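2 protein chains.
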Amino acid sequence: MSKEEIARKLAEETGIEVTGRDIEEVISSLLATSHFWEVIQLARLPFRVVAGSINVFARQGWVEITGEGEVILTPAGKDAVAREGIRPRTMYTCPACEGRGVALQELRNLLRKFKEVTAQRPQPIRKYDQGFVTPETTVSRVALMAGRGDLEGKRLLVLGDDDLVGLAAGLSGMPREVAVLEIDERLINFINEVARKENLPVTAERYDFREKLPVEYVGYFDTFITDPPETLEALEICLSRGLNALKGEGCAGYFGLTHAESSYKKWNLLQEMLVSKFKVAITDIIEDFNHYVNWDYLLPSLKSDFPFVKVQPRTNWYRSAMYRIQTLGRGEGIKNEPASCDLYVDEEALPYDEE
Amino acid sequence: MSKEEIARKLAEETGIEVTGRDIEEVISSLLATSHFWEVIQLARLPFRVVAGSINVFARQGWVEITGEGEVILTPAGKDAVAREGIRPRTMYTCPACEGRGVALQELRNLLRKFKEVTAQRPQPIRKYDQGFVTPETTVSRVALMAGRGDLEGKRLLVLGDDDLVGLAAGLSGMPREVAVLEIDERLINFINEVARKENLPVTAERYDFREKLPVEYVGYFDTFITDPPETLEALEICLSRGLNALKGEGCAGYFGLTHAESSYKKWNLLQEMLVSKFKVAITDIIEDFNHYVNWDYLLPSLKSDFPFVKVQPRTNWYRSAMYRIQTLGRGEGIKNEPASCDLYVDEEALPYDEE
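Note that the protein sequences, when read in sequence, are chains A and B. Sequential numbering from 0 applies to the first sequence in numbering that gives the first Met the number 0. Sequential numbering from 0 applies to the second sequence in numbering that gives the first Met the number 0.
These are computed hints drawn from the structure, not numbers from a lab. Because the structure is a prediction, the values reported are computed rather than measured. One or more hints might be untrue.
[Stated by the list, open to error] Quick list of in silico lysine-lysine cross-link-like pairs, DSSO-like style, CA-CA up to 30 Å:
| id | chain 1 | residue 1 | chain 2 | residue 2 |
| --- | --- | --- | --- | --- |
| 1 | B | Lys-126 | A | Lys-334 |
| 2 | A | Lys-77 | A | Lys-126 |
| 3 | B | Lys-77 | A | Lys-278 |
| 4 | B | Lys-264 | A | Lys-246 |
| 5 | A | Lys-309 | A | Lys-77 |
| 6 | B | Lys-112 | A | Lys-265 |
| 7 | A | Lys-278 | A | Lys-309 |
| 8 | B | Lys-334 | A | Lys-265 |
| 9 | A | Lys-265 | A | Lys-196 |
| 10 | B | Lys-112 | B | Lys-8 |
| 11 | B | Lys-334 | A | Lys-276 |
| 12 | A | Lys-276 | B | Lys-112 |
| 13 | B | Lys-278 | A | Lys-334 |
| 14 | B | Lys-8 | B | Lys-302 |
| 15 | B | Lys-264 | A | Lys-264 |
| 16 | A | Lys-334 | B | Lys-211 |
| 17 | B | Lys-309 | B | Lys-246 |
| 18 | A | Lys-276 | B | Lys-196 |
| 19 | B | Lys-264 | A | Lys-265 |
| 20 | A | Lys-265 | B | Lys-276 |
| 21 | A | Lys-264 | B | Lys-276 |
| 22 | B | Lys-309 | B | Lys-334 |
| 23 | B | Lys-334 | B | Lys-278 |
| 24 | B | Lys-302 | B | Lys-126 |
| 25 | A | Lys-196 | A | Lys-126 |
| 26 | A | Lys-246 | B | Lys-77 |
| 27 | A | Lys-264 | B | Lys-278 |
| 28 | B | Lys-264 | B | Lys-196 |
| 29 | B | Lys-334 | A | Lys-264 |
| 30 | A | Lys-276 | B | Lys-276 |
| 31 | B | Lys-276 | A | Lys-278 |
| 32 | B | Lys-264 | B | Lys-276 |
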């Protein structure tokens, strides 16, 4: 079968759109690693596309799954790869900055201090779809915002702060004020406690993004950062809350978007929302900026029978691209109203069991 | 005057849209450097906005221009800065990769060889709006395309190749085939000569992007790269040529976009064209990826009386962000027809004298 035929077969079986290029990405990644979670990371595709492809390859006899869940190309698979002219994925990621483009040299002390104060942080729970990024990622976010002129002397809103970026920003001494809106009481208490102890201009309060933005926060901030659930519906609500909180033109917003839960088709729809509906400019899309620390509930909760999936990830495979947007106007037409968000997961999300 | 008042004044005088944030960017950059061309680079704004702002600041008595054309904040300027709470621009750019996120370690030999074969390259001429990037930039483009799976074993189209990226790609040994379409006979001859001497799968032929794409190239390539003039009209024609040349879904295009000649307003309009009209996903926007070597005709041709502008740039100030786009479909609706491009410069372009 050609990669296009495989794609059609997989699309029929799963109802997901799959292209020949997607199949090529999976094979190319399998030529570089036999570990499923690394394949996901290298292939830049939703979980179900990668898992489904490997399952089709296994039925075709192109791959074998070892007792340890490793995915190994068979001689037949190698022939197919050669026929398609597919090459192993090679990355040229800068080792100094892990590909983010920002240097942490001048923020070494911040990184050390941040690790110290967050050592006893609350662990991710499934109820709120949590999972936090590495300290290097968090401090890189501070560096990125600072380098873009969005942090020093500015008011920062953090919408949901499992990553504790509000504390990192506060510890940097750069922002005038940081407000964290968060749903999880454990995180709110932790952030407020550290902020008090360290005397930071950071406050956290309870907020569910389906509620209206507190009126005193509307048009109050220079910058927002958030890490929304990746359905288009949730993205739209979260980002409109952030945009509502900004003062007007020339303000910035930051958020992450993955491949593991969002196809480029979804990226396109989100981008259309950003540029046409919200009328902002997308100023940066930095691939693999955000590296998530593996979370405990992944394997126990994952709804998948594939043996190659039931393998403890050996690297921080879950990553996201960092988007920066800049406002061109005052965001008229973005209403501050309660919203029902019915959809926290879509067909591209990581498939968890019912809770 | 507040930064918003300055912005309004400048907008009235010049007819360019200017925001308070723009004024802040210029001041923040002036706090970091007194060299006009570095201010342009740091402020991420069109030439005319930066030059116009500094001119207003000078009339306000906020800056003084030295005999060497340096722009120095006066005590009155420093007071104004303090009132507005503006901080010096600080960059956290990774020194190892110059912020591109890609490593050249494994491509050291390619970089050396590329420098060697291009040492006698034709110099930029104004007739074709030329100006080429540093060899490190060119080889980083190869690394980026390779890391995204767009180069190895693929067919690459280079639309306009003042940067000689076609030769760099050919020398890497990665692409199956490279076609360069270029208007300048000097470059065509140079590329073909080096390709013959080095036995590379690279051919260059004459093409003006206003002409139809040669029919044998329609739907033939996996990847295109181009560096278009930055009017929306020219961008649309160039990018549609590139998209026309691609095989279909899952193919990639690369191009640069500056701040020095394109405001975020224009970025937004271009992005709308990409995601709504061309229906592609923007997968990467890497700030300051492309560094241009200073070109000889800049100061002699520049239409500006400001003394701070008439200063030889001391760094490679002209930069652009690298965009990568990926096709979701077959680009139906993008016609391969001759187009008249009336507009190679707009009000945001570098203002050159009439030739």
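Self-check item: Unmet hints by their number, sorted upward, for this structure
Solution: 1, 2, 3, 6, 7, 9, 10, 12, 16, 17, 18, 22, 28
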